[in-house]
Structures are given as structure tokens and as C-alpha cells.
Amino acid sequence: AAARTLARLHGPAKAPGPATLQIRYGRVGRPEQFDEERYSLRVTPVGVSIDAPTSLGVLRALATLEQLATTGKRPRYLPEVDIQDRPRFAWRGLSLDAARHFLPVAVIKRNLDGMAAVKLNVLHWHLTDDQGFRVESKVLPRLHQVGSADGLYYTQAQVREVLAYAAARGIRVVPEFDVPSHTTSWIVAYPRLASSDSVYAPYQLWRTTNVALDPTRETTYSLLDSLFTEMTALFPDPYFHIGGDENDGREWRRSPRIVAYMRAHGMVKADSQTVDKHQLQTYFNRRVLAMMQRLGKTMVGWDEILGPDLPKQAVIQSWRGKKGLNDAARLGHPVLLSSGYYLDLNYPAASHYAADPLPPDTPLTPAEQQLGEGAVDAALGALKREVLFDDVGAECDGDAGHDRAQGMIGQTGDHLKTPGNLCDGREIRFLGRGRISRRAVQDYDLGRTGAVRRFDGLGDLLERRHAGRHQDRLSGPRDVADQSQIDEFR
Numbered sequence: 003a004a005a006r007t008l009a010r011l012h013g014p015a016k017a018p019g020p021a022t023l024q025i026r027y028g029r030v031g032r033p034e035q036f037d038e039e040r041y042s043l044r045v046t047p048v049g050v051s052i053d054a055p056t057s058l059g060v061l062r063a064l065a066t067l068e069q070l071a072t073t074g075k076r077p078r079y080l081p082e083v084d085i086q087d088r089p090r091f092a093w094r095g096l097s098l099d100a101a102r103h104f105l106p107v108a109v110i111k112r113n114l115d116g117m118a119a120v121k122l123n124v125l126h127w128h129l130t131d132d133q134g135f136r137v138e139s140k141v142l143p144r145l146h147q148v149g150s151a152d153g154l155y156y157t158q159a160q161v162r163e164v165l166a167y168a169a170a171r172g173i174r175v176v177p178e179f180d181v182p183s184h185t186t187s188w189i190v191a192y193p194r195l196a197s198s199d200s201v202y203a204p205y206q207l208w209r210t211t212n213v214a215l216d217p218t219r220e221t222t223y224s225l226l227d228s229l230f231t232e233m234t235a236l237f238p239d240p241y242f243h244i245g246g247d248e249n250d251g252r253e254w255r256r257s258p259r260i261v262a263y264m265r266a267h268g269m270v271k272a273d274s275q276t277v278d279k280h281q282l283q284t285y286f287n288r289r290v291l292a293m294m295q296r297l298g299k300t301m302v303g304w305d306e307i308l309g310p311d312l313p314k315q316a317v318i319q320s321w322r323g324k325k326g327l328n329d330a331a332r333l334g335h336p337v338l339l340s341s342g343y344y345l346d347l348n349y350p351a352a353s354h355y356a357a358d359p360l361p362p363d364t365p366l367t368p369a370e371q372q373l374g375e376g377a378v379d380a381a382l383g384a385l386k387r388e389v390l391f392d393d394v395g396a397e398c399d400g401d402a403g404h405d406r407a408q409g410m411i412g413q414t415g416d417h418l419k420t421p422g423n424l425c426d427g428r429e430i431r432f433l434g435r436g437r438i439s440r441r442a443v444q445d446y447d448l449g450r451t452g453a454v455r456r457f458d459g460l461g462d463l464l465e466r467r468h469a470g471r472h473q474d475r476l477s478g479p480r481d482v483a484d485q486s487q488i489d490e491f492r
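Following this note's numbering, the numbering of the sequence shown begins with 3 at its first residue and continues without gaps.
No wet-lab data here; the hints were simulated from the structure.
Quick caveat, the model's predicted, so the values are computed rather than measured.
Note that beta-carbon positions come from the ideal geometry of N, C-alpha and C, so glycine has one too.
Don't take each hint at face value.
What the hints assert, rightly or not - Derived pair list, reagent style SDA-like, types lysine to any residue, alpha-carbon separation capped at 20 Å:
1) LYS271 - GLY309
2) LYS324 - LEU297
3) LYS121 - ALA159
What the hints assert, rightly or not - DEER-style ranges, computed between Cβ atoms:
4) ARG289 - GLY49: 54 to 60 Å
5) GLN371 - ARG194: 42 to 48 Å
6) ALA108 - ALA369: 41 to 47 Å
7) THR367 - VAL107: 39 to 45 Å
8) VAL30 - ALA159: 20 to 26 Å
All chains should be modelled from the sequences, with the hints used to inform the complete structure.
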């Protein structure tokens, strides 16, 4: 890690004498246990010293060190500082959707580099959805062979490669296998999982089909047990995400057999007549939770799985708003927040910065606040393709382009200090794909966030909605790119 940092901090420098980088830590950190990440970083005229209880703290200190380095001046230098730092939240995540649109391993790795640069420590890897089952299964091979409409998936060797790459950067990887809904890819491969007799076909378009696994058949749980036994061995993290979102129960209510099962087991509403799909999904969730516990995993699910009968061991990740987080915490569940952090919805960085899982006016008690584990940025592949996750492009030749871009950042530095400040916007959006020479973290961020703002489906509508504005929020490097003419970058 230190060698990578020093390589990125290359460039001419003048110092009064030899400078040293001294690193001291107590033990090797274990990211899968939310191990200590605090550190102290001191820069003096004679060198840099880093002290941390674990190697994870060293990784976070090195990320800070890169951010301190000046990039727009020659010669380069590090300011004298004395920093004592620790994370506010243990869980600081990024969710990547490789199920709807496949993301190559190189793209995953580049995003892991970006996560490390800004001290994110959990990759939430969305691996299955209607459009694709993206992991090789040796136990149930039709899942990846038939379940992906485009035939793209990760081999188990590639998964281990990503896991090792993430671990070297202090990042844990939590996989998501979404059930019981978002499972067209599963049912195409194994029709016996279906709740109806309909014939399904794989597809790649963004739409919700309301397909759901049949939770009344033991064959469903037998298949899930075989798959989860295999996948929990492949993914060593203690947490395992089972999805649980966007099941409207339509297929269940249309099946006379499933409706009869619900009535026979008392899964009805207060009128004693109307069947209650929430009770059936809770039954399903409890069965899956029992599998996870037997396999030594902590189950994570979206806020739709929440209910008074769900055991408190399940972690609730709320994507629909603060209410889901607050309700889950009041019921005693550990909670995560994704609402307000959806990167694919084209919101300015200020809106993400202002989103706080536990704001000062939170209605939760101090004890309930202790259940707040953190937040997860989400980038859904329904709207974003590979180019929007990874903007490699061509680097500038020489220093001219680099200095021009850095000058732009310097001119807007005061605006960046306070998220939400308004500035004059240009009607011409930044449409080029490229990045400036990576000389420090700022360079990296500008290249990574300056991707083409071109979306499929809903994204195009969002882009048109924002078109014609003469004011825009300047809240981060992405907005610097958005405000720039095409020829300002190569």
C-alpha cells in the first residue's frame, strides 16, 4: 500500500534534506470484523509518520496523505499537519450493480481503487437480478449458463481475484443474491422455482416483472440451501445480502395453490379473508435467515423485509427513505441507509453529502442510534452501463492539460468547501470521456467522476429534466467536469 501511494505521489519536489516515511501499527487489521481504522498522521519538515492500532488505519492514513499533496504547483509539497482521525460509521459502502449490466473485473478493481481513495470500506456487490445471474455456480450451473441473457458472468476464480484485490485495500465484499423477487434469471434456469406456470425468457431491458420464487414449496428451499452453501463458502465475509425488495405479491395472489397455502397457515389480514403477502414473505425470510445462521452468516436485506415477526439478527438496509431506517432501529435491527445516496439518479454531490443516516434531529433514542452501522452509495446498472462506472479515456500529454484542469479546480475551491453553493452553469454539458494525468487523488477523482452523463431509460428523462438550467450546484469534481467545455480535457 505504501509503495502504491509513493508511486502516485511522483513528481519533482524540493526538500531541505532527506525525508522519511515512518509507519507503525500494532497488528494486521481484519476488515471483515470492522476492525480499528483510526490513525494519526503527522507531516514535518523531516518526513511523515503514521501510527495506527491496525494496518487498516495505515491504509486510511495513506489515503489522507495523497489528498494532502499539492497538485497544481511546482515543485510539489506536503503541508505540515498533525491529524487524528477515525471513522464516524463502521460501514461505509458502495453498491455496484453487475447484474443488470455486467461490469468487467477491471472496472470493479478501478472502483475499488476509488473506494480506497475516499476511505469506503464495504463493496456491496449486486450479483443477481432479472437480467442476469453473474456468478459461476458449480452446484447449479444452469444459473449462470442460462440465467444471464448476455452470457456474461464471473468465474469463481475471478471472484476470488476481486476479493483479494479488495482485501489488500482494506475493503470487505458483501454479495447480494436477490430473492424472492427479481428472480427471472433464476426461474429461466430452473422453472420449478416459479410461482406460476408462465413461461419466462431472459431479457436485458430495464423493467420490473413482478416475478417471484414460490415460497410454499420445499424444493425452493432445497435449491436455495444448496446455492447458499456454495456461495457463502466462496464469499468469506460474515454478512450476506438476500435482497427482498420490490415483491408486490402479484404472482402469489394469482396462484390458487399459493393463496390456499396462505389461508391454511393463517396468513391473512385483519378481515380474516384477504391474504397477506407480507406474512408469506416474512415466512420466507425466516427460512432463509435460518440457512444463513446455520452457515455462520449475518443476513442483510432491503427494508421491504422488515416486519414485527422478523428476528432482530437481520440487518435492514433502507433504500426507500429514513422511515425504513427509523422503523427498523425501533424494532432493534442493525440498520444501513441507501436512500439519498443513489449515484445513478444524477443528483449533485451536495445532495449526497447532505444525506445523513443519523442527523442531529434524528427521532431515534441514543440506544437506537447505536444500531446505525452506516450508509451505502448505490449505483444501479438499470440506468448505468460500464462506461459510466469507469472513465479511463486518454491521459493528457504533458503538463498543459493537467495545469488547465487544476486551475479550474483552484478557481472553484471556495465553492467546494460548502456543499450546495450555487454557481453559474453552462448549457453545454461536458460530453468528452477522458481524464487528466493521475498525479494525486484529486486527479483520480476528476477523471473518475467526469464520465459521460448519458443514461438509459429513466436517466435520459432526468437529463432532460435538468436541461436548460442556468444555475447548477457546484459541489464536487464531477460538477467541475459538467461545467466544462469539451476541449478543456483530452
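Comparing the hints with the structure gives:
1. LYS271 - GLY309: 14 Å, holds
2. LYS324 - LEU297: 31 Å, violated
3. LYS121 - ALA159: Distance ~26 Å between LYS121 and ALA159 Cα, so the pair is violated.
4. ARG289 - GLY49: 54 to 60 Å: About 58 Å separates the Cβ atoms of ARG289 and GLY49, which means 54 to 60 Å holds.
5. GLN371 - ARG194: 42 to 48 Å: 45 Å, holds
6. ALA108 - ALA369: 41 to 47 Å: 44 Å, holds
7. THR367 - VAL107: 39 to 45 Å: 44 Å, holds
8. VAL30 - ALA159: 20 to 26 Å: Holds: the Cβ-Cβ distance is about 25 Å, inside 20 to 26 Å.
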